[in-house]
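Let chain C serve as the given structure and place chain X on it in line with the hints.
Residue numbers (my numbering), protein chains in the order written: chain C, -19 to 319; chain X, -19 to 319.
The set of hints was computed from the structure by calculation and includes no laboratory data.
One or more hints might be untrue.
Ranges of calculated distance between the beta carbons of each label pair, as one might list FRET restraints [claimed, not checked]: (1) Ala246/X - His49/C: 52 to 60 Å; (2) Ala246/X - Pro239/C: 50 to 58 Å; (3) Ser87/X - Arg186/C: 29 to 37 Å; (4) Thr277/C - Ser7/X: 27 to 35 Å.
Partner residues aside, some chain C positions facing chain X, computed with beta carbon under 7 Å [unchecked claim]: (5) Arg10; (6) Phe17; (7) Pro18; (8) Glu267; (9) Leu274; (10) Gln275; (11) Leu278; (12) Trp282; (13) Leu295; (14) Thr304.
Since we're looking at a predicted model, the values are computed, not measured.
Glycine is no exception: its CB is placed at the ideal position from the N, C-alpha and C atoms.
Protein chains: 2
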Amino acid sequence: MTNIQDILAGDRLSLSRILSQIENDTSEGRSALGELFPHTGQAHLIGITGAPGTGKSTLVNQIAYHYRHSEGEGEPKKVAIVAVDPTSPFTGGAVLGDRIRMQSLSSDKGVFIRSMATRGSLGGLANATAGIVQAFDAAGFEIILIETVGAGQAEIDIAHLAHTTIVTEAPGLGDDIQAIKAGILEIADILVVNKADRSGVESTERALLNMLKLAHPVKRIFSHHSRPATNSPQPSENDSPIWIPPVLRTVATEGAGVPELLDAIAKHRAYLQETGELELRERARLEAELDNRLQNTLVDRWRDTLKSGQYEKMLDELVARQITPYQAVQTLLNGGKLK
Amino acid sequence: MTNIQDILAGDRLSLSRILSQIENDTSEGRSALGELFPHTGQAHLIGITGAPGTGKSTLVNQIAYHYRHSEGEGEPKKVAIVAVDPTSPFTGGAVLGDRIRMQSLSSDKGVFIRSMATRGSLGGLANATAGIVQAFDAAGFEIILIETVGAGQAEIDIAHLAHTTIVTEAPGLGDDIQAIKAGILEIADILVVNKADRSGVESTERALLNMLKLAHPVKRIFSHHSRPATNSPQPSENDSPIWIPPVLRTVATEGAGVPELLDAIAKHRAYLQETGELELRERARLEAELDNRLQNTLVDRWRDTLKSGQYEKMLDELVARQITPYQAVQTLLNGGKLK
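With the rest of the complex left out, here is chain C (with noise of 0.2 Å):
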């Protein structure tokens, strides 16, 4: 059995062991999350998205090394980074992305990085990956970043975990109307446009802050997503102050405009906690795996009342369109009559 104590203390070899357990949703991993989940709560989650080909990677790396080199009172913070590969399901393509991680980032006690691959349903992933976090957040990592490859749906869920979102953009990408997709940037809360030595910044910058005023009043649907009960903090219409997401400029490689690029990570922070929206972030965050749990427990719990062969032949007569998907569903579910 792993030791709690051992994790809460720090000790990167229990810890180490135990995400393996969370990812694979084993009974030891579930019980460790039990008791790691009261000691949450504490840390930064920082969310980075953007299509493929804006050097997310390199990025995350380098907002990981500026955290623990930059000059400010204290110790540095340590972080964690999480990457999610959602796009391969079956090859190492988060493994691939292990090896081209900052060797000084792999040499530092006050770094772990973690690859995470789609297992079984995304359902599954966002999970685990909630869990992951929540063993780190425990384990005293003050910086969480949580680095997603794609620029679909799985993303935008798995940004959701985060309390600060970042979207990156690369020039040369934007000549195509769907490279900049308003979806993504209604979740953005810091935009990037990384590889800024490269010609056409500009025209990126510019389509991006014309994106943003047609997605500026549909952003505030999210700040409103999670309806909060009685005496819970909630931002007022008059006096609250807007974020409207900064366009900031990187090249991830060299690390410039990293430090830039912490402090409006830093003031997003401020902001989220001067309106009472990071209250209501964790509660969103928070609602959104209750829901994901619920429904992978309720499909567990069903297929274990089924009858065998009685999932095959529903099957069977709906490949010979003798029953509609709808009628099949009607007659699993009624556990073995069409009502």
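Frame of chain C; chain X shown alone:
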């Protein structure tokens, strides 16, 4: 009420009306789908996916155009385009896509274009897309092009709706190791390097071929994804040919390479039929739809049994870290009692 006979006879107005009902999952839509479903199973479903910036929409337009205008025996085939945009949950990304569709397509009565954006859950989108595709199939559209915008798990799920999946790439995106995703390659039946008049086309092609070598052993997993009941055809390990995804070049803006792409699609269709793989994919497709619908229905039914305020109370305790997510699920699913 919609007259199902009108839709089966190819009346565009009736079809258009019912597509909205299906997308919004109304009772009329569900009832119509039930009547249409026995008439499905004739169309060839072609998925087109790939990273943003690879020119998918233009390519899809050209594929449709060539199906309508290529010389061959008999009438040109009726073509439906379903443009799915899971990255834009709020604003009209998908609608924007429509505006830049080719004029020549929009005036062709043998072509029907339908855009869809996320409404609520991803599962809802996949369901709605499956329904739309079935309606087109029943209405006599012989070619159904399913275009997805992103490159995440959502797109992989939707690509699983298809018989033939085309994955697009473009030169100049591939300088990032993440631009070419093994996970996406594994679902590809045909690979297209679009924008092939750009420099760097050889290196993109080479990268794809190298990734294919890695992906190929894993690809066979898909052939056995759905286990058929007895008597269903199954490709034998010994005498079945293996499909190696061809890598084709296109310049979609000029239509170059598109006739060759149509040839490759026809060859893939013949391969699917000869090997029995077509039936396996049909089965896998309907199985995925069944699972998705089962899951949504289970969650809806459970939600109806909840007492008012019960869910919010549990969420409050979760936010306060008084209980763990696992405990919250157990309590909610056991009617308020922790088991």
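Structure-based check of each hint:
| no. | hint | result |
| --- | --- | --- |
| 1 | Ala246/X - His49/C: 52 to 60 Å | 58 Å, holds |
| 2 | Ala246/X - Pro239/C: 50 to 58 Å | 56 Å, holds |
| 3 | Ser87/X - Arg186/C: 29 to 37 Å | 34 Å, holds |
| 4 | Thr277/C - Ser7/X: 27 to 35 Å | 29 Å, holds |
| 5 | Arg10 | 6 Å, holds |
| 6 | Phe17 | 4 Å, holds |
| 7 | Pro18 | 5 Å, holds |
| 8 | Glu267 | 6 Å, holds |
| 9 | Leu274 | 5 Å, holds |
| 10 | Gln275 | 5 Å, holds |
| 11 | Leu278 | 5 Å, holds |
| 12 | Trp282 | 6 Å, holds |
| 13 | Leu295 | 6 Å, holds |
| 14 | Thr304 | 4 Å, holds |
The structure is consistent with each of the numbered hints, conforming to all of them.
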